[in-house]
Amino acid sequence: GQNIDQPTEMTATEGAIVQINCTYQTSGFNGLFWYQQHAGEAPTFLSYNVLDGLEEKGRFSSFLSRSKGYSYLLLKELQMKDSASYLCAVRDGAAGNKLTFGGGTRVLVKP
Amino acid sequence: DGGITQSPKYLFRKEGQNVTLSCEQNLNHDAMYWYRQDPGQGLRLIYYSQIVNDFQKGDIAEGYSVSREKKESFPLTVTSAQKNPTAFYLCASSLRDRSGYTFGSGTRLTVV
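In order, the protein sequences belong to chains A and B.
Using the working numbering, you'd call the opening residue of the first sequence number 1 and step up by one each time.
Using the working numbering, you'd call the opening residue of the second sequence number 1001 and step up by one each time.
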């Protein structure tokens, strides 16, 4: 089976930086995804890591360490519209490549 | 434009009734998935299908059924055996063995 942990909630100020950590345990790691989900809406894709290192995409960056079973999503220059839940998901090659999701981290951006 | 469509957006059901949620995609994706999301929670896998006429149970399949007669369609039936069906249901699709998921806009089911 898989176990994916991420903090339940984080609060940050507009313009600041927030880092959302995700730790995982899986038998057949085959990639890690980050999704953003606004309340009542579908998740939207943010980033994908399969090799160790940092992937940067505008204000969002994601980091992966496979040996540590660890990833983080970094949100820079926070805007009010970044208030949402952020879901970490791991793809398991030993389980049909389907994604298993963490519980999500709710980020609240304050003025 | 290609995409994945779920209908209806909101659905109300009386206790003891079966209800079917629709999911259609025109992305030519091989794999399709159904997830359930409860308030403040992550996504839990109900059923998934990697090819037409084949599907597998996810982590919480009890009280649900699916079919995959066409590549484009993966309907989910919530049966009366599902004890706590009120939730937000998300359908997703992906290219087999690679890429992430494309999600539909979801169906919010409420049992009254």
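Derived from the structure by calculation, the hints contain no laboratory data.
Ideal placement from N, C-alpha and C gives every residue a C-beta, glycine not left out.
Among these hints, one or two may not hold up.
Unchecked claim - No farther apart than 27 Å at their CA atoms in a straight line, the calculated lysine-lysine pairs in the DSSO-like style are these:
hint, chain 1, residue 1, chain 2, residue 2
1, B, K1014, A, K98
2, B, K1083, B, K1057
3, B, K1083, A, K98
4, B, K1070, B, K1057
5, B, K1057, A, K81
6, B, K1071, A, K110
7, B, K1071, A, K98
8, B, K1071, B, K1009
9, B, K1057, A, K98
10, B, K1083, B, K1009
To be verified - Label-pair ranges, simulated between beta-carbon atoms:
hint, chain 1, residue 1, chain 2, residue 2, range
11, A, E41, B, A1061, 38 to 46 Å
12, A, P111, B, S1067, 43 to 51 Å
13, B, A1061, A, L108, 45 to 53 Å
14, B, E1069, A, Y70, 21 to 29 Å
15, A, G28, B, A1061, 33 to 41 Å
16, A, Q25, B, K1057, 32 to 40 Å
17, A, G53, B, K1083, 30 to 38 Å
18, B, K1009, A, G96, 42 to 50 Å
19, A, D5, B, K1057, 34 to 42 Å
20, B, K1083, A, L108, 29 to 37 Å
21, A, G40, B, R1013, 31 to 39 Å
22, B, E1062, A, A16, 38 to 46 Å
23, B, A1081, A, P111, 45 to 53 Å
Q. Checking against the hints above, which ones are violated?
A. 1, 5, 6, 11, 13, 14, 15, 16, 17, 18, 19, 21
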